[in-house]
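The listed protein sequences derive, respectively, from chains A and B. Under my numbering, the first residue of the first sequence carries the number 1, and numbering increases by one thereafter. Under my numbering, the first residue of the second sequence carries the number 295, and numbering increases by one thereafter.
If you're looking for bench data, these hints aren't it; they were derived computationally from the structure. Just so it is clear, CB atoms sit at the ideal spot from N, CA and C, and this is done for glycine as well. Treat the hints with care, as some may be off.
[Unchecked claim] Cβ-Cβ distance ranges computed for the label pairs, FRET-style:
hint, chain 1, residue 1, chain 2, residue 2, range
1, B, S317, A, L41, 52 to 58 Å
2, A, I27, B, G302, 44 to 50 Å
3, B, D369, A, I27, 29 to 35 Å
4, B, H361, A, I27, 35 to 41 Å
5, A, D254, B, E399, 38 to 44 Å
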Amino acid sequence: MDGYNFAYLDEQTKRMIRRAILKAVAIPGYQVPFASREMPLPYGWGTGGIQVTAAIIGTDDVLKVIDQGADDTTNAVSIRRFFARTTGVATTERTAEATIVQTRHRIPERALSAGQIIVFQVPIPEPLRWLEPRETETRKMHALAEYGAMHVKLYEDVARHGRIATAYDYPVMVGGRYLMRPSPIPKFDNPKLDRSPALQLFGAGREKRIYAVPPWTTVVSLDFEDHPFEVQRWESCCALCGATDSFLDEVIVDDRGGRIFVCSDSDHCGERRAAGHVGPQPDALGQPVAEEAT
Amino acid sequence: MTTLAMTGRPLLQVEGLTHRYGSRIGCRDVTFDLWPGEVLGIVGESGSGKTTLLKCLSAQMEPHAGHVVYDTREDGPQDVFALSEPRRRLLMRTDWGIVHQHPVEGLRMKVSAGANVGERLMAVGARHYGEIRGAALDWLGRVEIARDRIDDMPRTFSGGMLQRLQIARNLVSRPRLVFMDEPTGSLDVSVQARLLDLLRGLVADLGLSVIVVTHDLAVARLLAHRLMVMRAGAVVEEGLTDQVLDDPQHPYTQLLVASILHP
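Isolated chain A (complex conformation) (with noise of 0.2 Å):
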């Protein structure tokens, strides 16, 4: 695209945000400061995670962009449009053919390999922002590793509903170091985030920081011995493909309160009914119905 860089942003940003990826490789889960680039687009749809992406990316990767599981939302078209306009390279909505995959609020069902890089867009990189708003002693708690205050955010869930009720952005410890907040994933995806054979980066555009988690690190979610960790589980499964162990999205299918649930990892529902499963309502949203398995 003419007046324009390899992928938007000039050689020298993107050797300044290689630096930063580096050293966030370099030290598990710890947030490295960058100089955060105006972006084309409003903070909160992405300008971290586009400036991690546009860093790395090379003329022979495949990129795949995912909201909140789905590549046919409107933020992962238009970040997909995007890269695929200003670098030429080739985009899918296949997990397994993407080198590069740049999310917001999931990771994908299908497990990710050596090789993969996942790019994470983070809106509020610090973990215990909540509880001390300086960030010069947030720098100093994480510097000494004192995160005991950080259950006392646990305690509070268990007192109020009886189990630890938060859902997503479930705070993780890196490589036995680092207390991270892995963006809003839902819990469900955080043992994904444990051991994975892909490089994880994450990137915060408005607040300026980049961390990682490099391949086959540990992150363990935090709990308490007697109330341990768990991801939710659903009633039912998928009603496209029949899927019971993905993340479900509740769906509103009419106005007469009718709704369902459907895999919320649209390339993984796809794959599954390609592959011949079927659920229960496999029309239910107007979607291609595969051929009878034979």
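Using the hints provided, position chain B relative to the given structure of chain A.
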């Protein structure tokens, strides 16, 4: 007074402590020893350097000169300001307690009373919800807060309850030394009396050492074994509480004692 001097060395040794605000003196050349189980009162008028001294002693501020040597559980006497920062911060939230004049400064107002009390336990590694809650219930009882208030927010508490909650939050980690800055300062008289009773009981039961700053000589007489009188940043008189209050030697102390109103 029975617990005084049970071990052979002081819990806290302070020598030549000085803090300046620019060219002005905060406190000057303060030297004293605090023994295990002892309650030391620091009295004086506003601006005499009491709070500055307390903040230096409790490591909330760094003094410009002098030493504060604390008898740590593990390694014996250590200069507080020579300790590494993690050690000092750990000391401050385990072996020490700090009770602020305004409970809002010492409490987390956005989390429940139980979480306030349990925070220190979680900070040193308690990870069993049932045990943390049990300890919180126990301590609420000891400071006379009804057990069914455990899940209430501190903002629904009265001033006296907040101060008692702050005390429970500090004592849950079984500190040996507690710093109090005007603990009854913002309370009305009858609530003050109840809090003083409670404090006296806790100090005696737990064998706490306490340094309490107050401008109220009545509070000093009730709580403190020993008194230091400060004026313009310096200690002008010190001695046993009854001795200082009943037979003041320094003209300033005489003035201070004489200015108490007797209704």
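>> Flag every earlier hint the structure violates by its number, smallest first.
In response: Those not satisfied come down to hint 5.
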